[in-house]
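Undergrad: As a plain string of letters, each chain reads:
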Amino acid sequence: MHCPKCRGVMRTYNRSGVQIEQCDNCRGVFLDYGELEALGQMEAQYRAAPPPAAPAWGAPGGAVHHHHGGHHRPHHGGVFGMLFST
Amino acid sequence: MHTETEQSELFARLVEIGSGSYGTIAGTGGGGGRAGGDREPEMLYDRHGVLVVRIGELAVKAHQPDRVYGRPFAQRVALAGTLPQVLAPLGPPLLLLDGHTVTVAPYGQPVDPLGRLPWAEGARLLATLHNTPVPMDAPSWGRPERVARVVARMDATDAPELVTAAAEVRRAFATLPAWVRGESAPPARSADDHLLHGDWHLGQMVRTRAGYWRLIDIEDLGRGDPAWDLARPAALYSAGVLAPADWEVFLDAYRAAGGAAVPADGDPWAALEMPARSLAVQIAATCVRTAREEDRPLDGAEEALIDTCRRISRMRDRA
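Residue numbers (our numbering), protein chains in the order written: chain V, 13 to 98; chain E, -13 to 305.
To be clear, the hints were calculated from the coordinates, so they are not data collected in a lab.
Cβ coordinates follow ideal geometry from the N, Cα and C atoms, glycine included.
Some hints here could point you the wrong way.
Unchecked claim - These stretches of chain V come out as covered by chain E in the derived footprint (C-beta under 8 Å, 3 or more residues):
#, segment
1, 65 to 71
2, 90 to 97
What the hints assert, rightly or not - Label-pair restraints from in silico Cβ distances:
#, chain 1, residue 1, chain 2, residue 2, range
3, E, Ala142, V, Pro72, 24 to 34 Å
4, V, Pro72, E, Ala177, 37 to 47 Å
5, E, Pro249, V, Glu55, 17 to 27 Å
6, E, Ala256, V, Leu48, 22 to 32 Å
7, V, Pro72, E, Glu147, 15 to 25 Å
8, E, Pro230, V, His14, 50 to 60 Å
9, E, Ala145, V, Ala68, 26 to 36 Å
10, E, Ala250, V, Gly20, 45 to 55 Å
11, V, Val21, E, Met301, 34 to 44 Å
12, V, Gln57, E, Ala250, 20 to 30 Å
Claimed, not checked - Okay, the calculated bits of chain E under chain V, using three or more residues with CB under 8 Å as the criterion:
#, segment
13, 185 to 197
14, 223 to 231
15, 253 to 262
16, 270 to 284
The shape of chain V in the complex, shown without the other chains:
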């Protein structure tokens, strides 16, 4: 397939599951029917994604409950120091 603008050669790329054709010469992009909608939908999903609940190094969900026997009350052990002192 050739670019409708500059007649350059168009190559097919896969971007997050959407096939797009890009011109090697002018870098112009050709979208098939429905592909613009598919990209729009992905963008909407990205925007609606809930903010991360913890940093990447956060404890995996539930690990504390099983491994350490539930969340620690601050009146005993190391937790008191962690919450109440420098």
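Got chain V sorted already, so can you dock chain E onto it with the hints?
TA: Below, chain E without anything else, positioned relative to chain V:
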């Protein structure tokens, strides 16, 4: 280290200051006349060279001797005096002949660890502090000095378990920015600076006689990135030690009060990640140090902090 004699002399000196005719402090409702009362002086805190003694309605504190006070500290005391809605009142610093800096404040009731923890109240006080316009002469908060200090002081230990834990902590410490590790200058004064407490945790809250929560301990009060005031609960939540419900109460109350440290909605972790990571390392190092001092193994929550350090270094290895 401090000998017992030195400590008991200091204790006696603090009692003398507290029961003497030390000047009126805003908020005590009177001067030294009734300050001492008939109560026996009570030791409230005695660790790492810091001594706090309750004498009647006053709390007299001998500050950590190996820190620099002088002008920035006097500025902090003065600054605290302009923020009575956030900080507990505090008298002007006294310099003892032996070099100790002493301050006198009205006694405030600390948080009861067995009761409902005032996460929301703390968050609102921090938000108010962070949203107060920064005075021109506010001292700089500088950097989170404790993390490098406590990592350096984990010291050698014979217990293999603690040796492994200390190595994990050091690896995680290495992921922190150079200025946090104390190896380069802290960020320059910025238009984004806010006032921050600088060492916030639940032990920094007291309830006044009138029933209001206020913050105490102004040694680190100054201008800087307010996210550091949220770093400890953020770290403990991320380590799986602080219950998600408590974290949500804290963060929601902070946001509802319009706190400047995190965006009003959306992802708070872009602002919180690095400060929380630093505090996770600091708390883990403190756990190792305490376990070594007490000659005992790490408990479950302390292990969770070491595990967190392990995940921190793994993230870095992958990056």
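Undergrad: Hints first: check each against the structure and report whether it holds.
TA: Right, here's what the structure says about each hint:
1. 65 to 71: As far as the segment 65 to 71 of chain V goes, the hint holds, because 7 residues have Cβ atoms under 8 Å from chain E.
2. 90 to 97: holds (count 8)
3. E:Ala142 / V:Pro72: 24 to 34 Å: Cβ of Ala142 of chain E to Cβ of Pro72 of chain V: about 32 Å, so the range 24 to 34 Å holds.
4. V:Pro72 / E:Ala177: 37 to 47 Å: At roughly 39 Å between Cβ atoms, Ala177 of chain E and Pro72 of chain V fall inside 37 to 47 Å, so the hint holds.
5. E:Pro249 / V:Glu55: 17 to 27 Å: Check passed, 20 Å falls within 17 to 27 Å.
6. E:Ala256 / V:Leu48: 22 to 32 Å: Once the Cβ atoms are compared, 30 Å apart, the range 22 to 32 Å for Leu48 of chain V and Ala256 of chain E holds.
7. V:Pro72 / E:Glu147: 15 to 25 Å: holds (23 Å)
8. E:Pro230 / V:His14: 50 to 60 Å: At 56 Å between Cβs, range holds.
9. E:Ala145 / V:Ala68: 26 to 36 Å: holds (31 Å)
10. E:Ala250 / V:Gly20: 45 to 55 Å: Holds: the Cβ-Cβ distance is about 47 Å, inside 45 to 55 Å.
11. V:Val21 / E:Met301: 34 to 44 Å: holds (42 Å)
12. V:Gln57 / E:Ala250: 20 to 30 Å: Once the Cβ atoms are compared, 23 Å apart, the range 20 to 30 Å for Ala250 of chain E and Gln57 of chain V holds.
13. 185 to 197: holds (count 4)
14. 223 to 231: holds (count 8)
15. 253 to 262: holds (count 6)
16. 270 to 284: With 4 residues in contact (Cβ-Cβ under 8 Å with chain V), the coverage given for the segment 270 to 284 of chain E holds.
Going through the hint list in order, the structure satisfies each hint without exception.
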